[in-house]
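Asks: Residues per chain are reported as follows:
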Amino acid sequence: MNGRTFLQRWFGRGWLSLGYLFLYLPIIVLIVFSFNSSRQDMVWSGFSLRWYSELMSDTEIISGFGLSLKIAFMSATSSVILGTFAAFALTNYQRFRGRTLFSSMVSAPLVMPEVIIGLSLLLMLVSMQKVFGFPERGVLTIWLGHTLLGMAYAAVVVQSRLQEMSKSLAEAAMDLGCRAHQVFFLVTLPNITQALASAWLLTFTLSLDDVVLSAFLSGPGSTTMPLVIFSRARLGLDPRVNAIAALTILVVTIAVIAYAVMLARADRRRRKQLSAAYLED
Amino acid sequence: MTSLLQSLRKLVTLRWLTGRTAVIAVPSLFLAAAFLVPFLIVLRISLSDMDTAGSPFGGLLSYVDGIVVLKVKIANYLFIAADELYLLTYLSSLKYAAITTAICLFIGYPFAYFMARAKPSIRPVLMMLVMLPFWTSFLLRVYAWKGILANHGLLNDLLIALGVVQEPLHMMNTSFSLVVGMVYAYLPFMILPLYANLVKMDMRFLEAAADLGATPLQAFWRITVPLSKSGIIAGAMLVFIPSVGEYVIPELLGGPETLMIGRVLWDEYFTNNDWAMASSVTVLVVLLILVPMAIFNKYKTDQDAEERT
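Residue numbers (the numbering used here), protein chains in the order written: chain Y, 268 to 548; chain V, 6 to 314.
Everything labelled a hint here was simulated from the structure, so no lab data went into it.
If you're wondering where the values come from, they're calculated on a predicted model, not measured in any experiment.
Facing chain Y, a subset of chain V residues (Cβ under 8 angstroms, in silico):
#1 V47
#2 P115
#3 L137
#4 S142
#5 R146
#6 I153
#7 E251
#8 V253
Where a beta carbon is used, it is the ideal one built from N, C-alpha and C, also for glycine.
Turn these sequences into a full structure, and let the hints guide you.
Replies: Structure follows, in structure tokens:
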């Protein structure tokens, strides 16, 4: 091995390590300082569970969390349904009137600043209220906004899976006499379950985390957890926020590990079935 | 009459409601109602006058003595054009977005490159590690930087302990902390498309270049970089477009003097309660963003077509 490749390899490793350090530093800091006993900035002054116990009696946060979970559940479900429809249309129908408009509308919320989506939805809702007297701003309007945003993400995830899926499976099913909806429910859907699950989780966390759309679309009495955190974070540092962060990181880590284990198991099972099928031949 | 009935029947027969139509119609209707119509309303509000009731829906069209009058109020746009503050805010949003994009490219390109050149067995792990922070709250991760960059924060403590500085550096609520936060939040959006592009690269090109006597650096500049052009464009767009309108990061990490269009928009609505003005600013931001978005969409359709062949 000559000097240059050796140097190159270590340069690469160093760059990657520093990059990962940058990505993970804030997460580590949040966890470590959630156990800090002091309230001052980020000065370490001993281990304590004080902020966790204060969090438990923080009714504003707890009710916000409940509301956020509810909205996230609703909007993840509707986002995945609508996103799957959109992804299916984009992959399977190459030609239909307004395809360009359709595909740009599906992906636009991905890049459009949330402030703009939020403001335009809000002004529409306000106009509607003037004319029809509804809807009041609250859970349903936040749900609408989150669904719009989540749908774009779900469509991307599902679309990439649909594109990987070979057309021959659906064609074979058609040849064997399946009707279109049977092909969808018996062939396509089982094949994309994993993507649907990922999309659901992604849109769920997206909704659980959203500040801007929620701020525009919430009404009195519908303050979600990110809105509570954001208003406190604007004022300064609040150690209870560190405790929330550590708890969410714990939950997410468990969920991600469980999901990975599940995937690995499913993969192993499929391989076993495959090899069994080959042995039968 | 019979033909009319027939066509009516055709309209309502189930044929119309078959899978294909429904699959396209359901998301279309939702997007029209939640995305297209709101924009049209914003456009209309930006062009109309506050009427006597104080609602910004003064009619665009009026009919007096047999004359239809189209009243379009462009005062908001003229005001924006004349007021230096808005121009400065637009420029400064573009500036911070450009700086963020450039730094993300500088950090992200080598990162994606080394990821793509790592052993195939560890690539999924490296990829997973980039995605993982996405699953924890963006808001909380941005908030954490407040603690790191504060005057008595982690970074200053470290610098003082190492003897690099004597007095804590003032980093929080400056353009520095803003850029750190933006780069931090958008870096994965640069890395992922670049990685996807670089990992697909045909290594035989590099071997050929080496055989023809190119040094690794020459091969990198003249082969790898041009081949990854579409990845660079995708990454740059994914970072640049949303960071132009970013609101949360400037609000939490930026200083009072860092002008960002998202904040101006927010204040125009929530603080000044000026709907027409907020709408006009929105229209201009959308116009500003439409250009890079068109480039991005064109790139995406090109790539989709490429993948299909």
